[in-house]
Amino acid sequence: MPYLTPEAVEKCPIEGEFRLRGLDTTRIEVFVDAAFAFAVTMLAISFDAIPSNFEEMITALKKSPAFIVAVAQLVWIWWAHNVWSRRFGLDDAMTAALSAALVIVVMIYVYPLRVLAEGAFHWLTGGFLPGSFQLQSLDELRDMFVILGIGFALLCALFCLFNAYALKRGEALHLDALERFHLGTSIRVWLGSAGCAALSITLALLLPDRFVAFAGFGYAPLGVVLPLIELARDRRAPRKERTLVEGSL
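Using the working numbering, the first residue of the sequence shown is number 56, and each one after it goes up by one.
Since the hints were made in silico from the structure, they are not lab data. Please note that a few of the clues may not be correct.
To be verified - DEER-style ranges, computed between Cβ atoms: (1) P120 <-> K66: 26 to 32 angstroms; (2) S192 <-> K223: 44 to 50 angstroms; (3) I159 <-> P263: 31 to 37 angstroms; (4) V138 <-> T257: 39 to 45 angstroms.
On a predicted model such as this, the values are computed, not experimentally measured, just so you know. Idealized CB from N, CA, C, for every residue including glycine.
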């Protein structure tokens with residue numbers, strides 16, 4: 056990030072209550088983009104060989120819903136990083152470290168994500184949609200939910216750190232009161248998302264054997280928690296005219 060002045064920040068376009076200070080693509084962003092593209096490729100080729108007959112092709116097509124769900128989540132994570140980069144344009148050692156940590160977690164997370172996505176569709180469709188990963192016991196299923204939950208919680212924690220770091224650099228970035236407010240809300244959103252991962256892990260560890268598959272529903276509150284946080288944000292957001300703030304709130 057070059058040395059920003061209040062005058063330069065005032066000229067930045069505004070999108071979603073934030074001035075876009077990072078419209079120029081950095082090498083960090085290019086690295087993260089390439090890593091996510093590779094992760095999507097891993098989802099496509101790491102489990103299956105190219106079909107050699109019609110039956111194998113149909114089996115491969117039946118695995119498409121799990122692939123789509125897994126890719127959609129990766130795209131969501133990638134987009135969150137992209138939005139953060141466009142808003143703040145930070146290109147320093149801490150940004151590089153957090154981005155590298157994000158890539159590492161995603162590369163590890165992609166395997167249990169695909170496995171459990173396939174397993175979920177296999178279970179929900181009564182076996183019509185196939186699953187290629189074999190579990191030997193319900194304890195292994197519990198462990199898979201725990202592994203997935205830890206991965207998702209780590210991703211949420213990293214985005215909390217991304218936003219906290221941008222807030223810490225608020226003076227250098229010339230963040231105004233509204234941007235600081237929304238950064239605080241974003242941190243709460245990611246904390247709430249991590250709470251859903253913790254709920255899923257807890258369910259996986261505590262539910263009786265016949266109900267352990269329902270541990271995945273620990274993420275269902277995401278559809279309620281996030282809208283509630285955003286509703287509270289809209290009610291509490293500063294309504295006064297945007298002004299640059301040099302110091303911390």
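How the hints compare with the structure:
no.	hint	in the structure
1	P120 <-> K66: 26 to 32 angstroms	46 angstroms, violated
2	S192 <-> K223: 44 to 50 angstroms	46 angstroms, holds
3	I159 <-> P263: 31 to 37 angstroms	35 angstroms, holds
4	V138 <-> T257: 39 to 45 angstroms	30 angstroms, violated
The earlier numbered hints that this structure contradicts are 1, 4.
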